[in-house]
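> No gaps in the numbering here: position 76 of the sequence shown is 129 in my numbering, and each next residue is one more.
Derived from the structure by calculation, the hints contain no laboratory data. Honestly, I wouldn't trust all of these hints.
Below, simulated SDA-like cross-link-like pairs (lysine to any residue); rule was C-alpha separation at most 25 Å, straight line [to be verified]:
1. Lys135 x Lys86
2. Lys135 x Ile75
3. Lys116 x Pro82
4. Lys135 x Ile72
5. Lys86 x Leu109
6. Lys86 x Phe65
7. Lys116 x Phe70
8. Lys135 x Ser118
9. Lys116 x Ile138
10. Lys86 x Leu142
11. Lys86 x Val76
12. Lys116 x Pro64
13. Lys116 x Val76
14. Lys116 x Met141
15. Lys86 x Ala71
16. Lys116 x Ala134
17. Lys116 x Arg149
18. Lys135 x Phe121
19. Lys116 x Lys86
20. Lys86 x Ala108
21. Lys116 x Arg94
22. Lys116 x Leu57
23. Lys135 x Tyr78
24. Lys116 x Asn96
25. Lys135 x Tyr146
26. Lys86 x Ala134
27. Lys135 x Phe56
28. Lys86 x Arg148
29. Lys86 x Pro64
30. Lys135 x Leu101
31. Lys116 x Leu126
32. Lys116 x Phe133
33. Lys135 x Leu114
34. Lys116 x Lys135
Please read all numbers here as calculations on a predicted model, not as lab measurements.
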Amino acid sequence: MEFLRSFRIGPFTIFDFAISYIVMYFIAPYLSKLFALAGIRVNREQWLWLTLPIALAVHLLTKTSTAFTEMTLDPSGGWFAKAIIVIMLFMVYVRRGNRKK
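Whole structure, please, built from the sequences with the hints as guidance.
Right under this line is the structure:
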């Protein structure tokens, strides 16, 4: 496992990001059905945009320290990480109209 995590872009491991998005791609239809029971429509594309914000929330709740979490929580910096989260949340809102009927 450490070998797979040795491939990085800056402080970020490619493996962790790739696995997160692959898992979300496959569980998105099930999550959409679950949320549809509550009357909330979320498509696969929106789930993919939500992958990183959900991962950040889970890391905060479990108090797991990662480079991205630390960047996001840094009050004097980490503006790029904060901008990424805001843009991803914005894209979930924007992409809500692109649903198959």
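> Indicate, hint by hint, whether the structure satisfies it.
How the hints compare with the structure:
1. Lys135 x Lys86: Answer violated: Lys135 to Lys86 is near 30 Å, above 25 Å.
2. Lys135 x Ile75: holds, 23 Å
3. Lys116 x Pro82: violated, 28 Å
4. Lys135 x Ile72: holds, 22 Å
5. Lys86 x Leu109: holds, 23 Å
6. Lys86 x Phe65: violated, 32 Å
7. Lys116 x Phe70: Status holds; Cα separation ~19 Å.
8. Lys135 x Ser118: holds, 16 Å
9. Lys116 x Ile138: Measuring from Cα to Cα gives roughly 18 Å; hence the hint holds.
10. Lys86 x Leu142: holds, 21 Å
11. Lys86 x Val76: holds, 16 Å
12. Lys116 x Pro64: holds, 19 Å
13. Lys116 x Val76: holds, 22 Å
14. Lys116 x Met141: holds, 22 Å
15. Lys86 x Ala71: Judged against 25 Å, a Cα distance of about 24 Å means the pair holds.
16. Lys116 x Ala134: Roughly 18 Å separates the two Cα atoms, so the pair holds.
17. Lys116 x Arg149: violated, 31 Å
18. Lys135 x Phe121: This hinted pair holds, its Cα atoms lying about 9 Å apart.
19. Lys116 x Lys86: The hint is violated at about 29 Å.
20. Lys86 x Ala108: Cα-Cα ~20 Å, so holds.
21. Lys116 x Arg94: Distance ~30 Å between Lys116 and Arg94 Cα, so the pair is violated.
22. Lys116 x Leu57: holds, 23 Å
23. Lys135 x Tyr78: holds, 23 Å
24. Lys116 x Asn96: Violated - the C-alpha atoms of Asn96 and Lys116 are around 29 Å apart, more than 25 Å.
25. Lys135 x Tyr146: holds, 17 Å
26. Lys86 x Ala134: violated, 30 Å
27. Lys135 x Phe56: Given that 25 Å is the threshold and the Cα spacing comes to 29 Å, the pair is violated.
28. Lys86 x Arg148: holds, 18 Å
29. Lys86 x Pro64: Not OK: Lys86 and Pro64 at ~35 Å, beyond 25 Å, violated.
30. Lys135 x Leu101: holds, 18 Å
31. Lys116 x Leu126: holds, 12 Å
32. Lys116 x Phe133: Holds. Lys116 to Phe133 sits at ~21 Å (cutoff 25 Å).
33. Lys135 x Leu114: holds, 18 Å
34. Lys116 x Lys135: holds, 18 Å
The structure does not agree with the numbered hints 1, 3, 6, 17, 19, 21, 24, 26, 27, 29 stated previously, though it agrees with the rest.
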